[in-house]
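Trainee: Whenever a hint applies, use it, and build me the whole structure from the sequences.
Same order as they appear, the protein sequences are chains A and B.
In case it helps, this note's numbering puts the first sequence at residues 1 to 319.
In case it helps, this note's numbering puts the second sequence at residues 1001 to 1158.
Simulated from the structure, these hints should not be mistaken for laboratory data.
Note that the structure is a prediction, hence the values are computed from the model and not measured.
Using N, Cα and C, we set each Cβ at its ideal position, and we do this for glycine too.
Hints are supplied without guarantee of correctness; some may be wrong.
[What the hints assert, rightly or not] Result set (DSS-like, lysine-lysine): computed pairs, CA atoms no more than 25 angstroms apart in a straight line:
1. A/K110 to A/K91
2. A/K12 to A/K91
3. A/K281 to A/K201
4. A/K201 to B/K1138
5. A/K281 to B/K1007
6. A/K12 to A/K68
7. A/K12 to A/K110
8. A/K12 to A/K67
9. B/K1007 to A/K201
[Said to hold, decoys possible] Simulated DEER-style distance windows between Cβ atoms:
10. A/R113 to B/G1103: 34 to 42 angstroms
11. B/P1044 to A/T229: 50 to 58 angstroms
12. B/G1103 to A/A189: 13 to 21 angstroms
13. B/G1030 to A/D178: 39 to 47 angstroms
14. A/E182 to B/G1030: 51 to 59 angstroms
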Amino acid sequence: MQSLEDIKAKIKDALPGLDCVIGWERGWSPLHGTPLFMRSPEDVDRLTWGPFNVGNPATYLTGFKGKKVGVVVKGCDSRSVVQLLQEKLVKREDVVVFGMPCEGVVDLTKVARKVGDIALVNAAVRAGGTLSVTTPEGMVEIPWEEVAADKCLSCQYPNALVSDHFAGEPLPPAMGRDPAAEQLAALEAMAPAELFAHWAKVMERCIRCYACRNACPMCVCRDHCIAQTRDPHWLTQEDSTREKLMFQMIHALHLAGRCTECGECQRSCPVDIPILALRRKLNAVVKDLFDYQAGVDPQAVPPLFTFQVEEAKINERGW
Amino acid sequence: MPVLAGKELRIVGFLCNWCSYGGADTAGVGRFTQPTDLRIIRVPCSGRIDPLFIVKALLGGADGVLVSGCHPRDCHYASGNFYARRRLEVLKGMLPILGIEPGRFEYTWVSASEGQRWQHVVTTFTNQIHALGPTPVKDVLGACQGLPSLKGGDRAVA
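Mentor: Written out as structure tokens, the structure is:
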């Protein structure tokens, strides 16, 4: 792939001035991409690009505070970078962004539903509209729409929104259906008590591993997360649905007006709890009230970081 | 058996120290009749209220949560209630996705001199919560640990 070679050359050029460049390499199976921290030209040769570059490398940026780093991004990842810049969590001069047009990434849960145990997969190739997966039983060809991550089907930003180096031809926004919106609509159609019971039931599976938080590029408190501090003691270590649900609300509300819907929280969940719906709803509320979408404009101020004396869309409830 | 047995719900009120708490006091001094379901928590400013306080109360089994602060432009700290207004409005929009009726949470502004208005607010809100009935949270999650069960006849002022 020509653009991959181009971007590798650009990374090699930039590498001497950088502490490291974050990208992806092949993981433990052909379906798994894994983060790659490039510090030498040999590392750069391992860089991959394609449907298995699922993770969001922007998650690691705040960990490199005070150092100059590069990051290779898909369109959705670049929104996280923009949001970090907006909140001044990352300095623009300290980060070099490498972008390429993204044609979508794979959802491994969907692949597993098609082919069974994905640990047995020994080859996976995407060619145009099909993903060919080879298992010991033989090769399965799956239409791309059936295994792509939900967010990719209706992706509005396939190209990096900020980039210092961009390789390849920019792609148009995807025009597919939006399964996450359909799922949200289905939840909203439920009666309140029924919906609450639904959340309680799915949250019962939660093992409080905090993977959703750790994978989130916007969860920057890290060691000071209120879910784990004893002062203030927001959550006990009790294994109850109430605490689990409360943790999800902490995570969701701390992302109000900041979540870029990269979907890492839900993807990283080992027990597949559909928590993205909470963030989708929150983003819809923010969009509705403040006409704001997170991670699009590096100059914009996130809506909950500011206020207007006369709010255009908040109805001052008369009693 | 207390007169109110089974008739009272649990409502948590977060009141700004500088105005609404005074407003509630004014209502009390003026001997205005008020429903007794509300338990007041005094906070320094409505801007001090993390929306998570409200979520915590609701998940803990409160049937309703009321937040009351100074009227916009009257904040003791100049801008606390402006920030609060945005946060609380976002929370209110988000509660339905969790399966909690947005009517279980309201926020409003009452100044220290508005005893009459406080009476109106607390009466309206209490009626609203009674119309919604007891929260489904306790039925689904069980009673909150460390708190007495509020089922049936226990739901009364001790």
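Trainee: Now tell me, hint by hint, if it's right for this structure.
Mentor: A quick look at each hint next to the structure:
no., hint, verdict
1, A/K110 to A/K91, "violated (37 angstroms)"
2, A/K12 to A/K91, "holds (22 angstroms)"
3, A/K281 to A/K201, "holds (19 angstroms)"
4, A/K201 to B/K1138, "holds (14 angstroms)"
5, A/K281 to B/K1007, "violated (35 angstroms)"
6, A/K12 to A/K68, "holds (15 angstroms)"
7, A/K12 to A/K110, "violated (35 angstroms)"
8, A/K12 to A/K67, "holds (18 angstroms)"
9, B/K1007 to A/K201, "violated (30 angstroms)"
10, A/R113 to B/G1103: 34 to 42 angstroms, "holds (40 angstroms)"
11, B/P1044 to A/T229: 50 to 58 angstroms, "violated (21 angstroms)"
12, B/G1103 to A/A189: 13 to 21 angstroms, "holds (18 angstroms)"
13, B/G1030 to A/D178: 39 to 47 angstroms, "violated (55 angstroms)"
14, A/E182 to B/G1030: 51 to 59 angstroms, "holds (54 angstroms)"
Violated hints, listed in ascending order, are 1, 5, 7, 9, 11 and 13; each of the other numbered hints is respected by the structure.
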